[in-house]
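Participant: Each chain, letter by letter, is given below.
There are 4 protein chains.
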Amino acid sequence: SSFEYVKKFELDDTLLPNTWIVVRLDGKCFHKFADDHNFKKPNDLRALKLMNYAAFSVMRDFSDLLMGFGQSDEYSFVFKKDCNLYKRRAAKLLTTITSKFSTSYTYYWNKFLGDQQLLYPPSFDGRIVLYPNEDTLIDYMKWRQADVHINNLYNTTFWTLVQEGKLSPTQASFNCYVITLNKGHSFNFYILFQAEKRLCGTVSADKNEILFKEFNINYNNELEIFKRGTLLFRKNINIDESNKCSTVIVDVHDDMLKDSFWKDHKDLFTIKSKQHFIYNGPMTEIISAQLHGRKSVIPETT
Amino acid sequence: SSFEYVKKFELDDTLLPNTWIVVRLDGKCFHKFADDHNFKKPNDLRALKLMNYAAFSVMRDFSDLLMGFGQSDEYSFVFKKDCNLYKRRAAKLLTTITSKFSTSYTYYWNKFLGDQQLLYPPSFDGRIVLYPNEDTLIDYMKWRQADVHINNLYNTTFWTLVQEGKLSPTQASFNCYVITLNKGHSFNFYILFQAEKRLCGTVSADKNEILFKEFNINYNNELEIFKRGTLLFRKNINIDESNKCSTVIVDVHDDMLKDSFWKDHKDLFTIKSKQHFIYNGPMTEIISAQLHGRKSVIPETT
Amino acid sequence: SSFEYVKKFELDDTLLPNTWIVVRLDGKCFHKFADDHNFKKPNDLRALKLMNYAAFSVMRDFSDLLMGFGQSDEYSFVFKKDCNLYKRRAAKLLTTITSKFSTSYTYYWNKFLGDQQLLYPPSFDGRIVLYPNEDTLIDYMKWRQADVHINNLYNTTFWTLVQEGKLSPTQASFNCYVITLNKGHSFNFYILFQAEKRLCGTVSADKNEILFKEFNINYNNELEIFKRGTLLFRKNINIDESNKCSTVIVDVHDDMLKDSFWKDHKDLFTIKSKQHFIYNGPMTEIISAQLHGRKSVIPETT
Amino acid sequence: SSFEYVKKFELDDTLLPNTWIVVRLDGKCFHKFADDHNFKKPNDLRALKLMNYAAFSVMRDFSDLLMGFGQSDEYSFVFKKDCNLYKRRAAKLLTTITSKFSTSYTYYWNKFLGDQQLLYPPSFDGRIVLYPNEDTLIDYMKWRQADVHINNLYNTTFWTLVQEGKLSPTQASFNCYVITLNKGHSFNFYILFQAEKRLCGTVSADKNEILFKEFNINYNNELEIFKRGTLLFRKNINIDESNKCSTVIVDVHDDMLKDSFWKDHKDLFTIKSKQHFIYNGPMTEIISAQLHGRKSVIPETT
Ligand SMILES: Nc1nc2c(ncn2[C@H]2C[C@H](O)[C@@H](COP(=O)(O)OP(=O)(O)OP(=O)(O)O)O2)c(=O)[nH]1
Ligand SMILES: Nc1nc2c(ncn2[C@H]2C[C@H](O)[C@@H](COP(=O)(O)OP(=O)(O)OP(=O)(O)O)O2)c(=O)[nH]1
Ligand SMILES: Nc1nc2c(ncn2[C@H]2C[C@H](O)[C@@H](COP(=O)(O)OP(=O)(O)OP(=O)(O)O)O2)c(=O)[nH]1
Ligand SMILES: Nc1nc2c(ncn2[C@H]2C[C@H](O)[C@@H](COP(=O)(O)OP(=O)(O)OP(=O)(O)O)O2)c(=O)[nH]1
Ligand SMILES: O=P(O)(O)OP(=O)(O)OP(=O)(O)O
Ligand SMILES: O=P(O)(O)OP(=O)(O)OP(=O)(O)O
Ligand SMILES: O=P(O)(O)OP(=O)(O)OP(=O)(O)O
Ligand SMILES: O=P(O)(O)OP(=O)(O)OP(=O)(O)O
Ligand SMILES: [Mg+2]
Ligand SMILES: [Mg+2]
Ligand SMILES: [Mg+2]
Ligand SMILES: [Mg+2]
Ligand SMILES: [Mg+2]
Ligand SMILES: [Mg+2]
Ligand SMILES: [Mg+2]
Ligand SMILES: [Mg+2]
Ligand SMILES: [Mg+2]
Ligand SMILES: [Mg+2]
Ligand SMILES: [Mg+2]
Ligand SMILES: [Mg+2]
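Chains as they are written, first to last, in our numbering: chain A, 1 to 302; chain B, 1001 to 1302; chain C, 2001 to 2302; chain D, 3001 to 3302.
None of these hints come from the bench; they were simulated from the model. In this text, a Cβ means the ideal position worked out from N, Cα and C, and glycines have one as well. Where hints are given, some of them may not hold.
Stated by the list, open to error - Among chain C residues calculated to face chain D with C-beta under 8 Å, some are: (1) Phe2003; (2) Lys2032; (3) Asp2036; (4) Leu2085; (5) Lys2087; (6) Ala2091; (7) Thr2095; (8) Ser2104; (9) Tyr2107; (10) Lys2111; (11) Gly2114; (12) Ile2128; (13) Asp2135; (14) Ile2217.
Said to hold, decoys possible - Derived pair list, reagent style DSS-like, types lysine-lysine, alpha-carbon separation capped at 30 Å: (15) Lys2266(C) x Lys8(A); (16) Lys207(A) x Lys40(A); (17) Lys3227(D) x Lys266(A); (18) Lys266(A) x Lys213(A).
Next comes chain A alone, as it looks inside the complex (with noise of 0.2 Å):
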């Protein structure tokens, strides 16, 4: 139609070739969704798992993805550096993985949040980095599991003290600062308050004695995936006797702050040459969703 030169209004946003394609998800106003949906603090596994799940299926949609990695509200994939897909156009990749996420963690919430009602859409806002080099790349992700132990440390800490802690107000104080919030609860500013002045100026160690000083609990204990995130990956699996192997994508909570970490895993940053790359882990319910079906599955306590 006559009309039809607005199409050339459209830019080309093509990505630089050569370079590490980051796409960082995160979710939008999360601190009001957890509290809607009755997200428990400062971890819900079953949340996380969503999270997981819905990359999983990201992850299973768009081959040329060599890695994800989730933590709280967010998650991170990286496209290959040689990706070609919608001939690297940032808005076709931006928004595919945004929409398939966001859609996939809709489609799963009765899967793993069966009990609670989602009570609305949620939605996530999305960005492209580009990574020039494996260094940076690196650093990329070591900035993202960084960030999961500063706050899962903190977060623990503080929801100890505020859940379990001797922070009992006075009666005088308890009046002026309970505050009904949205949902009906009722929190305690006071403590809040306290457990946020307790924590002010602590450094790690100070926080690992608090909780196991006053509360005998020992971090090194809790979750891996509260302490590291969940990190997607494709690796082989054994599948039967016959030593046959199957591509799958598998989830673990590794340390990826080591450099061992990341020399182990050189094959991480190309998608072909996983012939040395087996899986020996545990079964996870993302793996043994995609073994399911193929010809016979090795036991998952094996």
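Fit chains B, C and D with the ligands to the known structure of chain A by using the hints.
Facilitator: Below, chains B, C and D with the ligands without anything else, positioned relative to chain A:
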């Protein structure tokens, strides 16, 4: 942490000020998705209503959106030109719209397609296009609506020919051409092929004539939503006898190709001055959803 | 060759269509350059004329340029909004303008500053700014011209105070503050400091008064080129008695802050319709340079 | 002023960090410019030296530049990958390089082409290309140098055939084809046409053979600057017997297509570690221009 420097690789993507921002979404592989979910051909009213409701869910969240226009598996959203949401950061605007639309489509699926199970999470691509002035923006809207007309007239004639046409093949050709498509549908490719051949080179008038003469179908009587798509925008509505007004998002199927439409709707280009802008069309599902709960509502029959 | 793939790293930088393209150039370290080349303070007419001539040399080469506006060490060039030169590739437009202006400034140096040797190659930075509509474009032009006024009134008063003022320091302070600047100029910093102090917090009216009352200088009588900068654009000119017209680039010093200017010059926004657009201002160096050689010219005195 | 808001239309154009920035300049219409200024065909040594000197003038000003490579009417400049000049603003880097090169070319014209008047200001286009890693950057350099070889072998053979060849046309064809080009040169198009036909489909070996067998020209003996272009970079040089070192920009014509070159010059990718990087090539005009004035210089004959 010492890895925080990687945040510097995130580059500024602020959009040109004082310029119309259009976000267009389009279903990914909806040819297959429609087949997989038994959408009626060529138009499935339930599917279109779901699209509209998802778009309405977006419009409700983003008060800077002036208009939405949808057809088939696509939706366009227009931000007012002085929109300063997210400081006009392109990725933020693009992804939050894409994400909200995508999750709403999934979330409201059962409301509109209750009989048909959603088999997997759908996804949508998205893009941002800037239009510097009203003329080009209007041409954009006309472009999308002209597209509805062209496609719908073609599709209506095509599927009428196929489904009700006298294109019955000989038994011989039938045997050659019948193919079982995915999802167990059998199609007679001979018939599809004949229908395509029949329409090749025809103009609008020809297709109208085929429909009318051969099938006694007056194309004009087709549903407006099929012929023109759906426009969403904000209008005022009288909510009771006291002449009080309430602003609602209305869903209409007006002819935007006529210049008179744009003269009558000059206010569309700005959110503020809606005073003279009273809605007196039919009460739709989307409108009543909004009035529900507000003081008192003029009955749907009005 | 097998290395040709590296060309793919050149990314598309097409500018939004139907949008005003402004290229602004600014002399790099012209504070020093002006000192090094003994420019008169605050305005050196020869230097401004050289800027104008270099800009004229650019306008002559790029027929899509509608206007140029210059002041101090900067020049802005405005492309017509439907310009399709180099298919609107940003770097091409930006660099060819920057380069041509830069070499013209160097090439024509002797024509205007013959007495003063050019000591080293100067340089200019450049940038592209898009304006989506006439209103913002006009505000851009007003912004640059308002800048001339503000700076020139300040500079004129400041240097009058310094050069002719009665700010004579005591002998003592004189000894302390006199410093030999680069290029052998001696300045009395005490005086500069006093002048600055004197002007601190003053408004336009104050500066006009200082000039008039203390130095008997009527700011209105200053050269238009100093007060308003120079606007270059195309007009028609009568070149002989036969009423024949010729299009020339004219250099004027009109007041663009008045809205009447923009009403009178609506044609400025388009190159085509120059028919009613007859120049009858003074014959300038730039205009006569263009008429030279064409048939016959109306004498300069007209 | 109230117009200052228009500055917000200037958008951020920061370049991706940790990435090689290449600026390539190319003479605008130098086919004509070379003709107009009687450049020797196919290579004019004076013109190439002027290009090199202009590039040297740029390198001297921008200490973040690691290399320059020039040939014909083009020059590429490579910034170190952690360059933070102008905070990596693309337009600033691009235009200041373009401008400085352009004015230097004009300014130093007489130094190299004193006999030939510069008839008008030349101009250069410029572009920025990013390379994410050393491999692609090296391939970029190889691409440009391979280009020199391909073009120069062709041009040398072509002009030898034309100027000294036995392609003498018959008198008849001569009359038909001779055309007076701009600047009064007469060319026999019949001869140009014959030379082109002769070279059509030939490979390097063929051209070498034509030169050698028919004109007794050993292509290997052509000037290195013609065959390989010029590379500029910083090296140390011994400036007197006391073994003191001085850093200078050197102009060499090395073979960058050999991988050994890049092994030997690993230091090229960083500005800092030049200690082992002693220059002991010939004393060139560019080098001696820099040493002039410094303490004492090893005589040019060394
Ligand atoms: N209770 C609970 N809350 C969680 C959990 N995971 C994430 N959240 C919530 C708490 C955090 O405030 C929030 C994530 O922080 P963000 O910085 O992304 O903030 P938020 O999403 O509220 O705002 P945003 O729209 O991203 O700027 O998500 C969880 O497992 N349990
Ligand atoms: N049966 C049926 N199909 C529909 C309806 N609305 C849209 N579709 C399908 C038919 C079209 O082939 C498709 C939209 O065309 P597109 O050009 O967007 O292609 P598609 O989404 O397959 O591929 P894409 O990923 O967008 O490139 O959606 C409907 O109401 N009924
Ligand atoms: N004496 C004298 N100086 C002038 C004249 N025109 C411009 N200049 C000088 C004085 C100003 O400091 C300078 C222009 O100011 P800018 O803000 O452009 O600063 P400058 O070029 O020094 O630095 P830049 O590289 O642009 O950031 O040029 C003139 O006519 N006479
Ligand atoms: N005679 C002569 N011509 C030269 C020499 N170096 C460069 N040229 C001319 C011949 C080439 O046609 C031209 C460079 O080719 P380009 O592809 O850059 O084309 P040109 O500059 O004409 O057009 P452009 O504006 O870059 O698209 O410069 C030289 O040393 N001697
Ligand atoms: O953690 P980020 O990058 O999302 O940081 P932020 O403070 O949320 O900033 P924004 O989302 O606005 O980029
Ligand atoms: O209708 P569009 O713009 O989506 O056109 P397309 O042919 O699908 O192209 P693309 O989605 O690749 O821009
Ligand atoms: O007047 P401008 O825009 O040049 O302002 P500036 O302060 O010189 O800033 P810039 O770094 O953009 O040249
Ligand atoms: O050699 P280049 O890159 O200049 O190639 P070109 O064919 O001149 O193309 P361009 O329009 O990019 O200058
Ligand atoms: Mg954020
Ligand atoms: Mg969040
Ligand atoms: Mg978050
Ligand atoms: Mg599409
Ligand atoms: Mg689609
Ligand atoms: Mg579509
Ligand atoms: Mg500046
Ligand atoms: Mg300046
Ligand atoms: Mg300036
Ligand atoms: Mg070119
Ligand atoms: Mg050229
Ligand atoms: Mg060239």
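Participant: For each hint given before, does the structure comply? Return the numbers of the non-compliant ones in rising order.
Facilitator: Violated: hints 2, 3, 4, 5, 10, 11, 13, 14, 17, 18.
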